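Fit chain B to the supplied structure of chain A, relying on the hints for placement.
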Amino acid sequence: MTALQSPPASVVVRGAPVRAQRPTARGLGRPRRSRLRYALIVLAFLLPSAVPLTLFTLVPMGAAFWVSLHEWNLIGPMKWVGLDNYVSLAGDPDTRRAFGNTVYYIVGYLPLVYIGGLAIALALNSRMPARAFLRGIYFLPVVTSWIVVALVWRWLLNPEYGVVNYALGLVGIDGPGWWTDPAWAMPSIILASAWKDLGFVMVILLAGLQAIPRDLYEAATVDGAGWWRRLFSITLPMLSPSTFFVIVISLINGFQVFDQVYAMTGGGPAGSSQVVVQQVYDLTFRYGRAGEASALSWMLFVVVLAITIVQLRGQKKWVNYA
Amino acid sequence: MRKPAVLTLTIVVAVGAVAMFFPFLWTLVTSVSSGAGLSATPQLIPADPSLDAYGELFDNTPFLQVVLNSLGLAVATTLAQLTTSALAAYAFSRLPFRGSNLVFGIYLATMMIPIQVLIVPLFVEIKTLGLLNTHLGVLLPGIASAFGVFLLRQAMSAVPRELDEAATIDGAGHFRIFGTIVLPLIGPALATLTVFAFMSSWNSFLWPLIVLRTPELQTLPIALAGLQGQYTTEWDVLMAGSVISVLPMVAIYVFAQRFVIQGVANTGIK
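Chains as they are written, first to last, in this note's numbering: chain A, 1 to 322; chain B, 1 to 270.
Only chain A is shown next, with the shape it has when bound in the complex (with noise of 0.2 Å):
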């Protein structure tokens, strides 16, 4: 109904020549056969591109909610169940599990990266030797794989051999058994990632230390502010903008979590560090249930579209741009 009340394109097109007389150059208002010319244009500079993304991105994302609404092995012919995977997934306790287990990993690897990372970066921000060079190792984890990260920190966290449990052994503790350990599993997973990611941290808040006007400062030591008092009156304020920004990429990051857990732990022992991505790939391919692990996937794709939009809708009472 819309389209009747818009005018035919040939009206639009028509138009066209007169505006061609205007010295624009932007190709919008030029003749017909130069109009031609000018989306072929801009088509030869998009194309390589869209056309992979939709290929890619967009045609499987649509794809993936078809596939949800079907009982699938991935061979077989599709049988469709509507909305049956969605409300099995909701009441199996799997997916509980994964879905607890993986807010378990961003609650214990959240404030581990923020406030390692804030310290280091305020740290980095005041004037000392050798600085580049101190701030490139603490980067240096993240440019590394998260699989050589979890072999080295299976290595690292050995129970019987490894350095970390003799050196607590040094100072009289027992250590754990860390990954091999159901209740050290997740913690050997967080501690392992918080590593790898502790630099990039850093060099957001870093970034956004930086742009702090100095006189704010010196304003306030005149006014007899110490540091504390500076740090949660105006470093913690100004450096909102990027303190919303690790929490909203650390927060769609860590719902994704699968590589490190992958080689880690596989999500055990007994399944107790089975993750929501770890669960996708065990449902598609251990088990050929891609009807189920496609309704997963959505599932995880809804539960981080939501939380962010919340994030986004809520900054304005924290977050404080200047």
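I should point out that these hints are in silico values taken from the structure, not numbers from a laboratory.
A quick note: this is a predicted structure, and the numbers were derived from the prediction, not measured.
Beta carbons: idealized from backbone N, C-alpha and C, even for Gly.
Heads up, some of the hints might be wrong.
Unchecked claim - Short, incomplete list of chain B residues facing chain A, as computed with Cβ under 8 Å:
#	residue
1	Thr-84
2	Ile-113
3	Leu-122
4	Leu-131
5	Ala-144
6	Phe-147
7	Ala-225
Just chain B now, kept in the frame of chain A:
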């Protein structure tokens, strides 16, 4: 700040840096400790250093091939992303068209979609195209990057328009302006994208894990994860594999540190 305070702070930060670096050091030490380093008292300086673990890796697994696979895929992904991102970024910054903002918004939205949601249909697509267990199948979904488009568009927006207009008067078309004026002026952004694209391909795990089956075709992260099954307790071999996997990224990082850190810092500033 007072002199003693600076000294104390520097020492604290340096001790932290040593702790952060220790896992790398320990990986290297373990990889040259023969007998898998399985002793009750770990030694920082191995008593009998040897390169046996590296020999084991290259002699008894297709590790050289695996390194070359990773390298080839990373280079191809990087070149593809640089090309597709730069072209699209030029369109969004220099070629106004109806719906430009909407299309750009859709590009940005694809950054929010996690690969996990896509794996089942992507697997079917690649299987239908007959690209399962091929490098092309690994490469194709990664040839365009919304992040890259975003990064380069920001950089191109900062290039003064007077330069294009002067070139237009001289009779240059958009492809000339793109290639000879805009691209040479966004070198730092291209460097940042190069490092990020290379790193994401070199380290990517889930998608290659799904596509590749044959050991000779595998990439480093997958081969490394696989080594765990083959050499369960031979930590010297596992750590040797880790060293080989980390070294190229560390080399690139040392060389391009400025672009990497600047790139990360810029993503945080809105």
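Please flag the earlier hints that this structure goes against, numbers listed from lowest up.
-> 4 and 6
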